[in-house]
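J.: Each chain, letter by letter, is given below.
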Amino acid sequence: MSVLGRLSRSPEGLFGCAILLALIAAALLAPVLFPRDPLSIAGPALLKPFTDPALPLGTDRLGRDVLAGLVHGARASLAVGLAAAFVAILFGAMLGTLAGFAGGIVDEALMRVVDAFQVVPSFLLALAFVSVAGASLPVVVVSIALGAWTAPARLARAEVLSIRERDYVAAARVIGMHPAEIAFRQILPNALPPVLALSSVIVAGAVLIEAALSFLGLGDPNIVTWGSMIAEGRNVLRSAPFLSLAPGVALVLTVLGVYLFGEGVSEALSSRRIQA
Amino acid sequence: MSTLSVSRRLLLQGAAAVAALSAAPRAGWAQSGKRLVVAADSEPKNLNPAIVASNGVFYVASKVIEPLADASFEGKDGLSPRLATAWEGSADGLSVTFRLREGVTWHDGKPFTAEDVAFSALNVWKPLQNLGRLVFANLQDVDTPDAHTAIFRFSKPTPFQLVRNALPAVTAVLPKHLYEGTDIATNPANTQLVGTGPFRFAEHKAGQYYRLTRNDAYWEKDAPRVDEIVYRVLPDRAAAAGALEANEIQLAAFSQVPLSDLERIAKVDGIVVYSKGYEALTYQLVVEINHRRKELADLKVRQAIAHAIDRDFVVKTIFLGYAAASTGIVPRNAPEFYTDDVPAYPFDVAKANALLDEAGYKKGANGTRFSLKLLPAPYFSETRQFGDYLRQALAAIGIDAQLVNNDSAAHQKAVYTDHAFDLAVAPPVFRGDPAISTTILVKSGTPDGVPFSNQGGYANPALDALIDKANETVDVAARTALFKQFQKLVGEDLPLINVAEWGFITVARSSVKNVSNNPRWAVSNWADTDLES
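Protein chains in written order, with my numbering: chain A, 1 to 276; chain Z, 1 to 533.
So here's chain A without its partners, still in its complex pose:
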């Protein structure tokens, strides 16, 4: 049975998948649905939700369309989440493979670097990096990846340590394959699946860190993000709580969706393994 088929039979996986698909659709269709700059002033300020059909979710303190902000904000959140996870896993898996395969002093040195990164809370690391390098989307991605690459690195190293003792690796050595080729063509692909299972955790964490950075005013001010919407709304929390609640709910749904989807996928994968 295919992974997809098995995924479709787990309700939480399906639910997560539906949320993610809706988000991706929103992110992709944002320029079509709301062609205007979501930061432009679209109507009177602090319009209550569900009062004007043209502005279904109302407007914020400057009169910006909340729905347009939410939809465009999905782009930023997903882009940052996926990009940061990609960078973190790519970088982490490579370093982990290298450490596990080379062993000895290289392994020791690389793992101490990992330790150094792991002792600093990832959010503080991101905060420090962004305040030094200046707030823009690529910087935010790198800053999040900085704190997230260590887990994939450790996992990849552990996998590689067990795989490198297998017979087919010994065989590859015997036929004279270059060590780098063995590491990255023979071992890494087999070490990757458990590392990939981490991706949902990393994406969810990245989305949250991005929101927190924007909330603290360290996001890119020229794009809408859910974190900056919550921060804006916080000033009027008592009189217009909806302005913070709407992006907050979107954030919760996204993280929930990513987690459930990841959970579903890893369950589907593991049951395939057992069957195989």
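Treat the hints loosely; a few may be bogus.
[As the list claims (entries may be wrong)] Computed footprint of chain A on chain Z; a stretch qualifies when at least three of its residues, placed anywhere within it, have a C-beta under 8 angstroms from a C-beta of chain A: (1) 259-268; (2) 382-396; (3) 399-412.
[As the list claims (entries may be wrong)] Counterexamples of contact, computed for chain A against chain Z with all Cβ distances above 10 angstroms: (4) Glu12; (5) Phe50; (6) Thr51; (7) Ala83; (8) Ile105; (9) Pro241.
[Unchecked claim] Using 27 angstroms as the maximum straight-line C-alpha spacing, the simulated BS3-like pairs for lysine-lysine come out as follows: (10) Lys373(Z) with Lys300(Z); (11) Lys267(Z) with Lys316(Z); (12) Lys48(A) with Lys316(Z); (13) Lys300(Z) with Lys48(A).
Think of the hints as simulated: they come from the structure by calculation, not from any bench. Backbone N, C-alpha and C define an ideal beta-carbon position, used for all residues, glycine too.
Using the hints, position chain Z against chain A.
T.: Structure of chain Z alone, referenced to chain A:
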């Protein structure tokens, strides 16, 4: 994870605030009962108002260290006497005579004399203070014929009008016996203040509170009325409103309660909202322009930007009506100098677009003419919101403005030292006379790094000459006329664009009496402020 750290941060702040309350000393509480707890949003390290003349410092220090005179709604020339009882300028502008109050003692018991005034003027105000540097630039000597007379002698004519208008902000008097022969900038009395004011400085617990106690030997009879003032450090603006409602604090000044919350909190029983009491501290919302940019050096482009800003929207939506649209560089709150006989730039997008076309900056294929870097000052949520608005207003006339957000230190460096901006949003303060902190915004020749000065590379010899002339014109009428001409010239040439002007809002429990009864109330001495139990 990260939202957890944010909420943890808030939690910690809350916990710190609670700890501050419970840690606040109880001794005075039992004896008196008249303890006024107020919110403080910043926590300046150097509290010496004679060196750092800024509102954040005055807010605490003005109760301890007094100026020669303070602003007043009723007094002659808008002043009421403090350490000086009378003042008079000579006709040639070369001297000013102060009669000083008798029977005043410092908090450590030593008598206050003219020597203290002479020392403060020559060793602190003139060489060290951000504002005094300009006002007392030509101060040569201070004669002290007797213990209660100080005669300021100037090397060049210095308008008495300027000295008079500057008295509240620049003349905080320091005790000579504690500062003489020491390094003034690092003297321990800069943090452990000693003055003549109605309150003594008791202690400062970093991150928690400042505590001032009653000066029983204050020169004014029956003052002060409260026994203790505690400034609770509440950097989170949203927290002030809640603390007021819970009666944990009795007063929050400088709009610490967000404007958007005022309508709601005004209806709460036992809370009063005051919009008075900031008339002599008018803040101005200004677009600073970097004239080094080729496009912005073109007057037509600057006029187009001025026409693109809907001042009405700014006042109504960003300031929720708690502000007024500006007509020029001098605010309406300065009736002595203000004139509306200046060029006006009404909101007109079509005209702005036409001006830009005329200037030769046609819209490109994507609808943009050129890109700019826009740096909104981070000090107030209104300056940041105006930055968001300005970006949209500029987009409507085909100028693509990219916002750059910085913290306070980085913003000051970027704008005033590195000049790494095209447009910036600034909130300068008008302090009673254009020569104190306003002409510096447009005059050329200020060294790099001086904050709130002309760092946009603007140089207009005619305007500079006008400012220089006003600075040495002693005759009040002639000097005022020169400043009216100055406003007109600034309006015509637009070295910067004035958008709005605002005063702050004080929110207090109704048990606090005599609030906002002078035009610099939040930074005045609070000798008559009372607390009903």
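J.: Please work out if Lys373(Z) and Lys300(Z) have their alpha carbons no farther apart than 27 angstroms.
T.: holds, 19 angstroms
J.: Holds or violated: Lys267(Z) with Lys316(Z), Cα cutoff 27 angstroms?
T.: OK: Lys267(Z) and Lys316(Z) at ~21 angstroms, within 27 angstroms.
J.: Please confirm whether Glu12(A) is truly not at the interface, meaning its C-beta sits more than 10 angstroms away from all C-beta atoms of chain Z.
T.: About 21 angstroms separates Glu12(A) from the closest Cβ of chain Z, which puts it past 10 angstroms; holds.
J.: Quick check: do three or more residues in the stretch 382-396 of chain Z have a beta carbon closer than 8 angstroms to a beta carbon of chain A?
T.: holds (count 7)
J.: Ala83(A): least C-beta distance to chain Z exceeds 10 angstroms?
T.: holds, 17 angstroms
J.: Check the hint pairing Lys48(A) with Lys316(Z) against an upper bound of 27 angstroms on the C-alpha distance.
T.: holds, 18 angstroms
J.: Is the straight-line distance between the alpha-carbon of Lys300(Z) and that of Lys48(A) 27 angstroms or less?
T.: Distance of about 40 angstroms is beyond 27 angstroms: violated.
J.: Determine whether the non-interface label on Pro241(A) survives the test: each CB of chain Z must be over 10 angstroms from its CB.
T.: Consistent with the label, Pro241(A) stays out of reach of chain Z, its closest Cβ about 12 angstroms off (over 10 angstroms).
J.: Grab the minimum beta-carbon distance between Ile105(A) and chain Z and tell me whether it stays above 10 angstroms.
T.: Consistent with the label, Ile105(A) stays out of reach of chain Z, its closest Cβ about 33 angstroms off (over 10 angstroms).
J.: For the stretch 259-268 of chain Z, count the residues whose Cβ lies under 8 angstroms from any Cβ of chain A; is that count three or more?
T.: Answer holds; 4 residues pass the 8 angstroms Cβ test.
J.: Are three or more residues of the stretch 399-412 of chain Z within 8 angstroms, CB to CB, of chain A?
T.: holds (count 5)
J.: Is the claim that Thr51(A) lies outside the interface with chain Z correct, judged by CB distances over 10 angstroms?
T.: holds, 18 angstroms
In this structure, only the earlier hint numbered 13 is contradicted, and the remaining ones agree with it.
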